Amino acid sequence: MSPIFYFLAMLTLGGAVAAMSLRNPVHCALSLVVTFVGLAGVYLGLGAHFLGLSQVLVYVGAVAILLVFVLLLTRGSGKDEFDERPDRWWPALGVGGGLGGVLIAVVLAQPGLALRTAPPELPTVRALGESLMTDFVLPLQVVGVLLTAALIGAAVLALSDRRRTPQDSGPVTSREEGETRR
Amino acid sequence: MAATLDQLFVQLLHGMTAPLPEAIRPWVALAISLGAILAVFGLCFGITTVCERKAIARMQNRLGPNRVGPYGFLQFAADGIKTLTKEDIVPRTADQVVHFLAPLALLVPVVLTFLVLPFGRNMTAMDLEVGLLFFFAAGASTELAVFMAGWSSRNKYSLLGAMRAIAQMLSYELPFILSTIGVVMITGALSTTKIVEAQAAAPGEWLARWHVFTPWGLAAFLLFLIAAFAESNRSPFDLPEGESEIVAGYFIEYSGFKFALFFMAEYLGMFSSSGMAVTLFLGGWTAPFAFLDWVPSWMWFFGKLGVLIALFIWVRGTTPRLRMDQLMDFAWKFMLPLALIILPTAAIWHYAGRGWLGWLVTAPIVVGAYVLLGRSLVGRRRIRQRSYRYAAT
Amino acid sequence: MLGIGLIKGLAETGRNFVGSYLDPDRLVTVEYPEERLPVKENFRQFPFLVFDGEKADIGLRCVACQICEKECPPQCIYIEKSKDKKPDHLGKPQFYPAVFDIDISVCMSCQICVEVCPFDAIKMDQQFELSTADRFRGLLLTRDRLAKPNSHFQAIHPRDAAEIDMRRVDERAKAEAKAKADAEAKAKQATAAAPGATKAVASTPKPAAAPANEGAIS
Ligand code: SF4
Ligand code: SF4
Numbered sequence: 000m001s002p003i004f005y006f007l008a009m010l011t012l013g014g015a016v017a018a019m020s021l022r023n024p025v026h027c028a029l030s031l032v033v034t035f036v037g038l039a040g041v042y043l044g045l046g047a048h049f050l051g052l053s054q055v056l057v058y059v060g061a062v063a064i065l066l067v068f069v070l071l072l073t074r075g076s077g078k079d080e081f082d083e084r085p086d087r088w089w090p091a092l093g094v095g096g097g098l099g100g101v102l103i104a105v106v107l108a109q110p111g112l113a114l115r116t117a118p119p120e121l122p123t124v125r126a127l128g129e130s131l132m133t134d135f136v137l138p139l140q141v142v143g144v145l146l147t148a149a150l151i152g153a154a155v156l157a158l159s160d161r162r163r164t165p166q167d168s169g170p171v172t173s174r175e176e177g178e179t180r181r
Numbered sequence: 000m001a002a003t004l005d006q007l008f009v010q011l012l013h014g015m016t017a018p019l020p021e022a023i024r025p026w027v028a029l030a031i032s033l034g035a036i037l038a039v040f041g042l043c044f045g046i047t048t049v050c051e052r053k054a055i056a057r058m059q060n061r062l063g064p065n066r067v068g069p070y071g072f073l074q075f076a077a078d079g080i081k082t083l084t085k086e087d088i089v090p091r092t093a094d095q096v097v098h099f100l101a102p103l104a105l106l107v108p109v110v111l112t113f114l115v116l117p118f119g120r121n122m123t124a125m126d127l128e129v130g131l132l133f134f135f136a137a138g139a140s141t142e143l144a145v146f147m148a149g150w151s152s153r154n155k156y157s158l159l160g161a162m163r164a165i166a167q168m169l170s171y172e173l174p175f176i177l178s179t180i181g182v183v184m185i186t187g188a189l190s191t192t193k194i195v196e197a198q199a200a201a202p203g204e205w206l207a208r209w210h211v212f213t214p215w216g217l218a219a220f221l222l223f224l225i226a227a228f229a230e231s232n233r234s235p236f237d238l239p240e241g242e243s244e245i246v247a248g249y250f251i252e253y254s255g256f257k258f259a260l261f262f263m264a265e266y267l268g269m270f271s272s273s274g275m276a277v278t279l280f281l282g283g284w285t286a287p288f289a290f291l292d293w294v295p296s297w298m299w300f301f302g303k304l305g306v307l308i309a310l311f312i313w314v315r316g317t318t319p320r321l322r323m324d325q326l327m328d329f330a331w332k333f334m335l336p337l338a339l340i341i342l343p344t345a346a347i348w349h350y351a352g353r354g355w356l357g358w359l360v361t362a363p364i365v366v367g368a369y370v371l372l373g374r375s376l377v378g379r380r381r382i383r384q385r386s387y388r389y390a391a392t
Numbered sequence: 000m001l002g003i004g005l006i007k008g009l010a011e012t013g014r015n016f017v018g019s020y021l022d023p024d025r026l027v028t029v030e031y032p033e034e035r036l037p038v039k040e041n042f043r044q045f046p047f048l049v050f051d052g053e054k055a056d057i058g059l060r061c062v063a064c065q066i067c068e069k070e071c072p073p074q075c076i077y078i079e080k081s082k083d084k085k086p087d088h089l090g091k092p093q094f095y096p097a098v099f100d101i102d103i104s105v106c107m108s109c110q111i112c113v114e115v116c117p118f119d120a121i122k123m124d125q126q127f128e129l130s131t132a133d134r135f136r137g138l139l140l141t142r143d144r145l146a147k148p149n150s151h152f153q154a155i156h157p158r159d160a161a162e163i164d165m166r167r168v169d170e171r172a173k174a175e176a177k178a179k180a181d182a183e184a185k186a187k188q189a190t191a192a193a194p195g196a197t198k199a200v201a202s203t204p205k206p207a208a209a210p211a212n213e214g215a216i217s
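Residue numbers (numbering that gives the first Met the number 0), protein chains in the order written: chain A, 0 to 181; chain B, 0 to 392; chain C, 0 to 217.
There could be a bad hint or two in this list.
[Stated by the list, open to error] Per label pair, the in silico range of CB-to-CB distance: (1) ARG35(C) - ILE180(B): 51 to 61 Å; (2) ASN23(A) - LYS332(B): 33 to 43 Å; (3) VAL57(A) - GLY367(B): 54 to 64 Å; (4) SER386(B) - MET132(A): 46 to 56 Å; (5) GLU162(C) - LYS155(B): 54 to 64 Å.
Don't read these hints as lab results, they were simulated from the structure.
None of these values were measured; they are calculated from a predicted model.
Even glycine gets a Cβ: it sits at the ideal position worked out from N, Cα and C.
Work out the full structure, taking the sequences as your base and the hints as a guide.
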């Protein structure tokens with residue numbers, strides 16, 4: 000294990016701890032980004048370039064932005080502190096602990112966990128793409144359909160909301176304006 | 000002679016790292032390349048700002064800066080000294096840590112994008128197998144820095160500017176990436192070096208195989224360029240820093256050196272996007288005609304880069320700023336569908352071949368899609384006199 | 000079609016770009032410190048004090064009546080009257096300003112001081128390059144810096160100056176004629192009343208000067 004790995008591991012864990020313990024939600028989101036970056040670094044260190052860079056592209060470039068947007072748009076930036084809800088601690092701990100337990104159990108159940116000195120030959124991007132497009136084409140399509148459905152659902156929700164309250168404070172387009180004038 | 004000149008910098012780097020032990024050699028080489036990139040593009044940044052001001056002034060029949068140095072070309076040095084010596088003001092209510100980190104978080108990914116650009120033959124600082132992905136990953140993480148800057152300043156204008164910037168960057172990221180996928184499909188590689196090599200003239204041919212010389216490549220190049228304009232927040236997509244309404248957008252609360260960093264990151268982003276456009280569509284460091292091969296490869300790269308930067312400046316001097324709804328319409332209703340149509344077109348081109356058959360099949364698709372989408376975007380709208388609800392007419 | 004407008008626009012800016020190098024007449028910029036446009040006659044910046052003749056301390060027209068000091072809206076004029084008197088251009092003894100300061104960091108160039116001055120002593124200058132490193136002393140103009148010869152006024156406001164000069168010459172001629180007439184009248188009186196001759200001669204200037212002063216005010 001190289002010092003780089005330890006550095007990245009510290010970065011990842013530190014980010015995760017900060018994300019859980021900081022008081023300001025936006026700070027928490029930014030700490031989570033540090034975790035994402037650290038994880039991507041670990042992937043890159045393992046030689047999984049495609050995975051690591053996709054991690055940065057998707058998580059730092061899109062998911063983190065989504066997080067902070069949600070925080071800003073739902074809570075308002077003026078209200079910085081979480082409100083303390085001690086009664087929610089126990090279910091949260093239960094869900095988190097359960098999920099963590101399952102993950103650890105799965106990893107421990109793998110037969111080849113014993114540290115190998117020579118890692119297996121990593122697949123190239125081309126091999127990755129080929130297996131995605133041949134062996135795993137059905138799961139890929141299913142995931143695609145799922146995401147599209149989610150997207151359409153979000154669009155429908157947003158649209159119906161506007162139709163219900165047309166006089167809402169939504170932006171007045173120039174066309175509407177012209178007609179009210181006439 | 001030509002070959003030595005071509006490989007001059009490669010040899011130089013090799014000579015500098017040769018005496019070092021094997022283990023640290025690649026890291027030192029990377030550090031030297033990074034330093035060279037920073038120096039060269041830092042200077043480029045300075046010169047570009049002067050040239051831009053002069054060129055735009057001439058387009059408006061003005062003189063432009065002409066006081067410092069010969070023909071005013073040292074203006075950037077004066078500006079640099081000025082910004083460096085200015086007081087660094089942090090708003091009292093600002094989020095100090097995030098406010099401090101934002102310019103760094105913006106500049107570092109932008110500089111990293113240069114690492115995968117092939118500046119010449121054997122002149123890629125970090126020749127990754129997934130170089131293109133690296134470019135986009137680094138480019139995508141600048142959005143978060145923009146948010147950090149806008150949010151931590153605790154200023155309405157900066158937050159508005161950040162919101163606009165992120166909305167714009169997210170929207171244009173899709174065509175930005177999608178337009179390159181055709182190239183990846185044709186060359187079958189994500190490595191920038193391989194993409195460039197695939198565009199060199201085949202032995203016996205006089206014209207290089209630049210992707211821009213194909214119907215789908217031309218369309219994808221234009222899409223990529225437009226998205227690059229938007230990603231670098233330059234006119235006509237400079238809403239995030241619309242001076243007339245939100246003063247300076249997300250970096251309104253920055254002064255002195257940090258302001259300069261933002262400014263520099265913006266220009267460096269423009270350079271790296273242009274460099275990527277050169278790499279993907281204009282054949283990188285390859286010569287357009289086979290008989291021009293003797294010109295050193297890095298000269299071709301920087302020449303093409305200069306042409307693209309001139310185009311950036313020219314467009315900035317020409318276009319007014321778009322409105323937010325026009326911006327979004329353009330991204331989602333024109334660029335995204337066109338990028339999606341280009342993908343199968345590139346596939347058809349791959350199978351129809353480079354000959355007349357390929358042209359005959361793909362050119363009508365691209366032109367037809369362009370015309371139809373363009374008409375659906377602007378054709379329907381009737382332009383009539385504006386009326387205002389509150390202002391007296 | 001989409002994009003035509005952009006190409007037209009690019010062609011237009013390109014034409015201007017090339018044209019500005021070929022045809023210098025297109026450039027509208029005046030390179031200020033080296034080139035400058037002539038200032039308009041009605042342009043005004045800050046007030047100055049006019050003096051006649053060569054010497055500022057003799058020819059200053061201001062009589063320290065302090066009307067301008069009272070009228071100045073931002074109160075940027077400060078005047079101290081002299082203890083002694085000096086003859087003005089009509090020969091009448093007048094006060095003069097021992098101190099006359101204008102703080103041009105306060106002055107708003109309203110020209111009210113000029114409008115109210117009955118003696119044409121204060122006028123608006125056209126000097127605008129007043130930047131200084133000392134924002135206190137450098138912007139507080141004292142009497143010596145405010146005093147400028149009538150020839151300067153003639154140069155910057157030729158029409159006003161010509162009119163005022165004519166008026167002043169007329170006044171002076173009238174005053175002299177009147178003084179002469181009075182003197183003659185006095186002389187006649189004196190010859191009529193011979194014994195008081197010496198006393199009458201000594202008192203002649205007084206009645207002669209009084210009407211002249213009134214004429215100057217109107
Ligand atoms: S111009 Fe106006 S403000 Fe200035 S000194 Fe005269 S009266 Fe005062
Ligand atoms: S009004 Fe004229 S004469 Fe009176 S003090 Fe002012 S400048 Fe002097």
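Now for the hints, and whether the structure bears them out:
| no. | hint | result |
| --- | --- | --- |
| 1 | ARG35(C) - ILE180(B): 51 to 61 Å | holds (60 Å) |
| 2 | ASN23(A) - LYS332(B): 33 to 43 Å | holds (38 Å) |
| 3 | VAL57(A) - GLY367(B): 54 to 64 Å | violated (34 Å) |
| 4 | SER386(B) - MET132(A): 46 to 56 Å | holds (55 Å) |
| 5 | GLU162(C) - LYS155(B): 54 to 64 Å | holds (57 Å) |
When each numbered hint is compared with the structure, a violation occurs for hint 3 only.
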